[in-house]
Amino acid sequence: MTADNQLDVWEVFMQSKPGANYIHAGSIHASDKQMALQNARDTYSRRGEGTSIWVVPSSAIVASNPEDNGMFFDPANDKIYRHPTFYVMPEGAKAI
Amino acid sequence: MEQAQETLLREFEEKIECGFAIEPKDKMPAGYRKHLIRQMSQHAHSEVIGMQPEGNWVTRAPSLRAKQILLAKIQDEGGHGLYLYSAAETLGVSRDELIEQLHTGKAKYSNIFNYPTLSWADIGAIGWLVDGAAIVNQVSLQRTSYGPYSRAMVRICKEESFHQRQGYEIMAKMMAGTADQKAMAQDAMNRWWWPSLMMFGPHDSDSPHTGDAFRWKIKRHSNDELRQKFIDKTVQQAEVIGLTIPDKDLKWNEAKQCYDHGEINWEEFYRVIGGDGPCNKQRMEHHIRVHNEGAWVREAAEAYRAKQQYSKNA
Amino acid sequence: MTQQQALYNYALRLGDNSLILSARLSEWCSNAPFLEEDLALTNMALDLIGRAQAMLKYAGEVEGKGRTEDDLAYRRGERDYYNHLIMELPNGDFAYTMVRQLFVSTYELFFFEELQKSTDATLAAIAAKTLKEVKYHHLHAKDWVIRLGDGTAESNARVQKAVNALWMYTGEMFEMDHADTMLLKEGIAVNTDNLKLGWIQMVTQILALANIDLPADGYMQTGGRKGIHTEYLGHILSEMQYLQRAYPDATW
Chain C
1 MTADNQLDVW EVFMQSKPGA NYIHAGSIHA SDKQMALQNA RDTYSRRGEG TSIWVVPSSA
61 IVASNPEDNG MFFDPANDKI YRHPTFYVMP EGAKAI
Chain B
97 MEQAQETLLR EFEEKIECGF AIEPKDKMPA GYRKHLIRQM SQHAHSEVIG MQPEGNWVTR
157 APSLRAKQIL LAKIQDEGGH GLYLYSAAET LGVSRDELIE QLHTGKAKYS NIFNYPTLSW
217 ADIGAIGWLV DGAAIVNQVS LQRTSYGPYS RAMVRICKEE SFHQRQGYEI MAKMMAGTAD
277 QKAMAQDAMN RWWWPSLMMF GPHDSDSPHT GDAFRWKIKR HSNDELRQKF IDKTVQQAEV
337 IGLTIPDKDL KWNEAKQCYD HGEINWEEFY RVIGGDGPCN KQRMEHHIRV HNEGAWVREA
397 AEAYRAKQQY SKNA
Chain W
411 MTQQQALYNY ALRLGDNSLI LSARLSEWCS NAPFLEEDLA LTNMALDLIG RAQAMLKYAG
471 EVEGKGRTED DLAYRRGERD YYNHLIMELP NGDFAYTMVR QLFVSTYELF FFEELQKSTD
531 ATLAAIAAKT LKEVKYHHLH AKDWVIRLGD GTAESNARVQ KAVNALWMYT GEMFEMDHAD
591 TMLLKEGIAV NTDNLKLGWI QMVTQILALA NIDLPADGYM QTGGRKGIHT EYLGHILSEM
651 QYLQRAYPDA TW
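Keeping their order, the protein sequence lines are chains C, B and W. Numbering follows the working numbering, in which position 31 of the first sequence is assigned residue number 31; successive positions increment by one, without gaps. Numbering follows the working numbering, in which position 214 of the second sequence is assigned residue number 310; successive positions increment by one, without gaps. Numbering follows the working numbering, in which position 110 of the third sequence is assigned residue number 520; successive positions increment by one, without gaps.
Mixed in with the good hints there might be a few duds.
[Unchecked claim] Below, a sample of chain B positions facing chain W; criterion: calculated Cβ distance under 10 Å:
id, residue
1, Gln148
2, Ala162
3, Lys163
4, Gly174
5, Gly177
6, Asp276
7, Gln277
8, His383
9, Glu395
10, Ala397
11, Ala399
12, Gln404
13, Gln405
[Claimed, not checked] Lysine-lysine pairs mimicking DSBU-like chemistry, simulated, CA-CA at most 35 Å apart:
id, chain 1, residue 1, chain 2, residue 2
14, B, Lys202, B, Lys313
15, B, Lys313, B, Lys329
16, B, Lys377, B, Lys204
17, W, Lys545, C, Lys17
18, C, Lys79, B, Lys111
19, B, Lys123, C, Lys33
20, B, Lys329, B, Lys278
21, C, Lys17, W, Lys527
22, B, Lys403, C, Lys33
23, B, Lys329, B, Lys344
24, W, Lys545, W, Lys636
25, W, Lys595, W, Lys571
26, B, Lys269, W, Lys467
27, W, Lys545, C, Lys33
28, B, Lys202, B, Lys325
29, B, Lys121, C, Lys33
30, C, Lys33, W, Lys539
31, B, Lys254, W, Lys467
32, B, Lys408, W, Lys545
33, B, Lys123, C, Lys79
34, W, Lys539, B, Lys269
35, B, Lys202, B, Lys254
36, W, Lys542, B, Lys254
37, C, Lys33, B, Lys344
38, W, Lys467, W, Lys542
39, B, Lys204, B, Lys329
40, B, Lys111, B, Lys202
These aren't lab readings, by the way, just hints derived from the structure by calculation. Predicted model, so just to flag it, every value in this text is computed and none were measured. The beta carbon of each residue, even a glycine, is placed where N, CA and C say it ideally should be.
Could you build the full structure based on these sequences and the hints that come with them?
Written out as structure tokens, the structure reads:
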């Protein structure tokens, strides 16, 4: 603990309307959970941007490595059978 | 080793060339990282130091509406500083370190905030001219190559959109007002015009960082290009409300389809950067004082958190 | 005193309380202990200006002399201001400001809860909107007072000092006078006498969590509601009203 400590970094996720996904809005500094939530509110919802907030300590976030992008993401590229457009439907069939 | 470095640089520059955004964990040349930290922190410090000249008029705002607008605007500047510090932090430098660099003079902030706000019209001039100049630069930076910086700029531009308008509204109101008000507005115009043009930095021919910043798409438009854009849109706005731009050489160039302008006083520019502007010492002393006065609060918050964790673990 | 005059005074006092506290809170702009708190303090100042605007506008309407909220804010002298003294005291350090926020917002929590039920539709509507803002101000102040009280030895001492200094200004918030009683009969005003117990219980509870001792009962300062202020108010007004007074013909 030093005199010029600027507190910990937290990541802020906002939900813009009920039912919507929580989207990363940015970061704030805070020393505890309550402060993090309030600082997130005071920083990121000043223009009515939100109906709900999540805050997460930045140190708790695990991010994938760009070097792993090949093995992580490329194998999904050719699995076209996971998409509905892959299938041939008989002509005339409705509501499918 | 050297070859690996070269491969890395080539791959990086190819990525930039293709228009991909760079994210915090991506490999990047040391020079790119360094340039970004310098630029983003300078930008963040400018936002935060910029709260002071406007803050100078918070207690004297002449109506409830004016006070609300001014406070909300200064608050936005603080928020923008916060977004930009956060973007810089993704590169592994802490806000502590950035503030220390500011206090030791290692990091700079925009020169414009070393000028004093002497009348209410200065609040109009800052919004209209200073934010007007800043937004030209910021719009361009929305497409900067570093993801967190670009995302911060998108949010900032969205929020900034009222800043210039409120400043222009103040000027327009004063120009439609009493003789005293008109004189104040013109006086503010005279004092803020040239420093606003200086905000774009030295001429392209004298700008030392231009090469890398362009190749790496940190910067998307040149100083002179952006300055010209600002002048061209501002002249008409001044005319509409009857303000005179304090430049006798300013005239429309039919061939180039833009305004020619007089020479900027670069001696003044470098003098103010060097620390001898009217408010450099005042601004820095204010920031250091507030930082030091707040130390016990931050310490207490940390101590409280530590106690909470201890009692939870006990 | 007619009911109209009483209602004018009532709205004016509520407006003055918000306006003067907002003036103090807005002085924190670019002076807070860290950036996030700077934004938080400004948010509270903005809530209070909004409330002052609504109350003073209503006061002007009730008065019926065509005075706007700005006329009332910028063209009244200090003897015609009726805010509680606690609002005008200088900010002191961050602990002092947060303790004042705690005392005031706890009071307002109870006050606007009641004023929501006023038979005066305008006051009730402003109160309903205000209550939401006040709940947040209270949460923010409470958390900070506990954090600072239970933080370091230094922060605890600062909070204790602030509590001791501000205590004598809390009594005024619960005073009732002739105008209040008159409006109370009509179901317009709040009986602030009834709020005292809830206030003291809540404040005691929070200060206990913050390891802060409650001051002993003592003399309570008064005067603001009659226009007798501390020396500080005149300086707030002379800055605030400077342009309007220096250029009386100008609009801004």
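So, going through the hints one by one against the coordinates:
1. Gln148: At 6 Å from the nearest chain W Cβ, Gln148(B) passes the 10 Å test, so the hint holds.
2. Ala162: 6 Å, holds
3. Lys163: With Cβ-Cβ at 6 Å, under 10 Å, it holds.
4. Gly174: 5 Å, holds
5. Gly177: 6 Å, holds
6. Asp276: 6 Å, holds
7. Gln277: 5 Å, holds
8. His383: Constraint on His383(B) satisfied, holds at 9 Å.
9. Glu395: Interface hint status for Glu395(B): holds (6 Å vs cutoff 10 Å).
10. Ala397: 6 Å, holds
11. Ala399: Interface hint status for Ala399(B): holds (5 Å vs cutoff 10 Å).
12. Gln404: 9 Å, holds
13. Gln405: Cβ of Gln405(B) sits 13 Å from chain W, so the hint is violated.
14. Lys202(B) - Lys313(B): 24 Å, holds
15. Lys313(B) - Lys329(B): Judged against 35 Å, a Cα distance of about 25 Å means the pair holds.
16. Lys377(B) - Lys204(B): 13 Å, holds
17. Lys545(W) - Lys17(C): 22 Å, holds
18. Lys79(C) - Lys111(B): 26 Å, holds
19. Lys123(B) - Lys33(C): 33 Å, holds
20. Lys329(B) - Lys278(B): The given pair, whose Cα atoms are some 22 Å apart, holds under the 35 Å limit.
21. Lys17(C) - Lys527(W): 31 Å, holds
22. Lys403(B) - Lys33(C): The hint holds at about 14 Å.
23. Lys329(B) - Lys344(B): Holds, at about 18 Å.
24. Lys545(W) - Lys636(W): 28 Å, holds
25. Lys595(W) - Lys571(W): 40 Å, violated
26. Lys269(B) - Lys467(W): The hint holds at about 23 Å.
27. Lys545(W) - Lys33(C): 18 Å, holds
28. Lys202(B) - Lys325(B): Holds - the C-alpha atoms of Lys325(B) and Lys202(B) are around 31 Å apart, at most 35 Å.
29. Lys121(B) - Lys33(C): Given pair Lys121(B), Lys33(C) holds - Cα atoms ~26 Å apart, limit 35 Å.
30. Lys33(C) - Lys539(W): Roughly 27 Å between the alpha carbons, so the hint for Lys33(C) and Lys539(W) holds.
31. Lys254(B) - Lys467(W): 32 Å, holds
32. Lys408(B) - Lys545(W): Holds, because 28 Å separates the two Cα atoms, which is no more than 35 Å.
33. Lys123(B) - Lys79(C): 29 Å, holds
34. Lys539(W) - Lys269(B): 32 Å, holds
35. Lys202(B) - Lys254(B): Holds: Lys202(B) and Lys254(B) sit about 30 Å apart, inside 35 Å.
36. Lys542(W) - Lys254(B): 27 Å, holds
37. Lys33(C) - Lys344(B): The given pair, whose Cα atoms are some 58 Å apart, is violated under the 35 Å limit.
38. Lys467(W) - Lys542(W): Measuring from Cα to Cα gives roughly 20 Å; hence the hint holds.
39. Lys204(B) - Lys329(B): 28 Å, holds
40. Lys111(B) - Lys202(B): 31 Å, holds
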